[in-house]
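Protein chains: 2
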Amino acid sequence: MTKNPAPAPWNRLDYSAENCSLLHALEIVGDKWAIPILREAFFGLRRFSDFQHSLGCARNLLSTRLSNLVAEGLLEIQSYQVPGQRKRNEYRITEKGRELLPVLIALLQWGDRWAVDPAGPPVLLKHRNCDGKLHVAITCEHGHTDLKAKDIEISAGPGAIRIASGRVA
Amino acid sequence: MTKNPAPAPWNRLDYSAENCSLLHALEIVGDKWAIPILREAFFGLRRFSDFQHSLGCARNLLSTRLSNLVAEGLLEIQSYQVPGQRKRNEYRITEKGRELLPVLIALLQWGDRWAVDPAGPPVLLKHRNCDGKLHVAITCEHGHTDLKAKDIEISAGPGAIRIASGRVA
Numbered sequence: 671m672t673k674n675p676a677p678a679p680w681n682r683l684d685y686s687a688e689n690c691s692l693l694h695a696l697e698i699v700g701d702k703w704a705i706p707i708l709r710e711a712f713f714g715l716r717r718f719s720d721f722q723h724s725l726g727c728a729r730n731l732l733s734t735r736l737s738n739l740v741a742e743g744l745l746e747i748q749s750y751q752v753p754g755q756r757k758r759n760e761y762r763i764t765e766k767g768r769e770l771l772p773v774l775i776a777l778l779q780w781g782d783r784w785a786v787d788p789a790g791p792p793v794l795l796k797h798r799n800c801d802g803k804l805h806v807a808i809t810c811e812h813g814h815t816d817l818k819a820k821d822i823e824i825s826a827g828p829g830a831i832r833i834a835s836g837r838v839a
Numbered sequence: 671m672t673k674n675p676a677p678a679p680w681n682r683l684d685y686s687a688e689n690c691s692l693l694h695a696l697e698i699v700g701d702k703w704a705i706p707i708l709r710e711a712f713f714g715l716r717r718f719s720d721f722q723h724s725l726g727c728a729r730n731l732l733s734t735r736l737s738n739l740v741a742e743g744l745l746e747i748q749s750y751q752v753p754g755q756r757k758r759n760e761y762r763i764t765e766k767g768r769e770l771l772p773v774l775i776a777l778l779q780w781g782d783r784w785a786v787d788p789a790g791p792p793v794l795l796k797h798r799n800c801d802g803k804l805h806v807a808i809t810c811e812h813g814h815t816d817l818k819a820k821d822i823e824i825s826a827g828p829g830a831i832r833i834a835s836g837r838v839a
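Top line first, the protein sequences correspond to chains E and D. The working numbering puts the last residue of the first sequence at 839; the count rises by one with no breaks. The working numbering puts the last residue of the second sequence at 839; the count rises by one with no breaks.
Derived from the structure by calculation, the hints contain no laboratory data. The hints are all genuine.
Just the calculated beta-carbon pair ranges, DEER-fashion:
id: 1; chain 1: E; residue 1: Ala728; chain 2: D; residue 2: Val752; range: 48 to 56 Å
id: 2; chain 1: E; residue 1: Asp684; chain 2: D; residue 2: Ala728; range: 21 to 29 Å
id: 3; chain 1: D; residue 1: Ser737; chain 2: E; residue 2: Tyr750; range: 45 to 53 Å
id: 4; chain 1: D; residue 1: Asp821; chain 2: E; residue 2: Glu697; range: 27 to 35 Å
id: 5; chain 1: E; residue 1: Ser825; chain 2: D; residue 2: Val740; range: 27 to 35 Å
id: 6; chain 1: D; residue 1: Gly726; chain 2: E; residue 2: Arg717; range: 37 to 45 Å
id: 7; chain 1: E; residue 1: Leu731; chain 2: D; residue 2: Gly714; range: 37 to 45 Å
id: 8; chain 1: D; residue 1: Asp801; chain 2: E; residue 2: Glu697; range: 24 to 32 Å
id: 9; chain 1: E; residue 1: Lys702; chain 2: D; residue 2: Ala728; range: 20 to 28 Å
id: 10; chain 1: D; residue 1: Val752; chain 2: E; residue 2: Gly802; range: 47 to 55 Å
id: 11; chain 1: D; residue 1: Trp680; chain 2: E; residue 2: Arg832; range: 47 to 55 Å
id: 12; chain 1: D; residue 1: Gly726; chain 2: E; residue 2: Thr764; range: 28 to 36 Å
id: 13; chain 1: D; residue 1: Arg783; chain 2: E; residue 2: Gln751; range: 30 to 38 Å
id: 14; chain 1: E; residue 1: Gln751; chain 2: D; residue 2: Gly813; range: 44 to 52 Å
Output of the computed footprint for chain D on chain E, the stretches with three or more beta carbons under 8 Å from beta carbons of chain D:
id: 15; segment: 702 to 716
id: 16; segment: 766 to 776
Where is the CB? At the ideal position from N, CA and C, for every residue including glycine.
Given these sequences and hints, build the entire structure.
Written out as C-alpha cells, the structure reads:
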C-alpha cells in the first residue's frame with residue numbers, strides 16, 4: 671500500500687493576500703461608523719432619531735452611513751407613521767447584517783477584558799433561556815470548542831491565488 | 671411568599687453609549703491596518719519584510735502601524751540576527767493580541783459567506799486534532815451554542831451610565 675506524501679505546510683507568503691475574505695468584510699464594515707450603527711440596531715434601535723441620540727453624530731453623517739448600510743444590504747428600510755406626523759423610515763437589520771453579530775460580540779468581549787472602564791462592563795449579555803453568560807468561541811464542526819490559535823490548521827482554499835514566494839532569507 | 675417584580679426591560683436609550691467596550695475595542699483595532707496586520711501575525715509572519723511583502727503597504731506606514739500595535743500591547747518586539755546581517759526586529763503576537771482571534775475568524779467567516787470571490791474562500795481553517803471545519807459561535811456558559819440575536823437578553827452591567835431617556839414618541 672502506498673501512502674500519499676504529507677502536503678507541504680501552508681506558507682502565507684506563497685499566496686496573495688488581496689482576495690482575503692476578511693479584507694472584503696472590512697471593506698464593508700471597516701469604516702468608523704458601520705459597526706457602532708449595527709450595534710445600535712442589535713440593541714433594538716430602528717429610528718433615525720434614536721440612532722442619532724445614542725450615537726451622538728451629525729444628522730448628515732448618520733444619514734449617509736445608514737444609506738451605505740442599506741446599499742450594502744445590512745439594513746433595510748421600512749416606513750412607519752406616528753398619527754398626525756409625516757411618514758418616516760425605520761432601519762431594520764437584515765440577515766446579512768444579523769450574521770455580523772459574532773463579530774460584534776467578539777469585539778465586545780475583547781473590550782470587556784482589555785479595554786473596559788474601571789467600573790466594569792456597561793452591558794451584559796445572557797442566554798435568554800438559561801441565564802448563562804455569553805461568549806464567542808472558536809468551535810469546530812465536531813463540537814470541540816474554545817479553540818486557540820495553536821489548535822488551528824490553515825490550508826489553501828479553492829480561491830487561493832499562488833504567487834512567487836516572498837520569503838526573505 | 672412575595673415575588674419580586676420583574677425588572678423593567680433594558681432600553682438602550684436609557685444608557686450612555688460612550689463607555690461601550692465595543693467602542694473601546696474599535697479605538698484600538700478599528701483603523702484600516704490593525705486587523706490586517708494581526709491577521710498576518712496569526713498566519714505566522716513575524717518579520718518586517720514579510721509583513722510588507724504580504725500587505726503591500728509603504729515601509730513608513732507599516733513601521734508606524736507596527737509601532738502602534740506594539741504600544742497597545744498587541745505585538746511585542748524580539749530581536750533576531752541572520753548571520754552576516756545586522757540585528758533586526760521580529761513582531762510576535764501577545765496574549766492581548768491573540769485574544770482577538772475570534773474577532774478575526776468572525777470577520778473571515780462573514781466575508782466567506784457574504785463577500786467571497788466567485789472562486790471561493792482563499793483560506794480554510796480546520797481544527798488540527800480532528801480536521802473539523804472551524805466557525806465562531808455565540809455560546810453560553812452552560813454549553814448552549816450557535817445562539818442568535820433572539821436568544822440574547824441584554825441588561826445593564828456594573829459600568830452602565832444611566833442618562834435621561836432619549837426615546838422620541
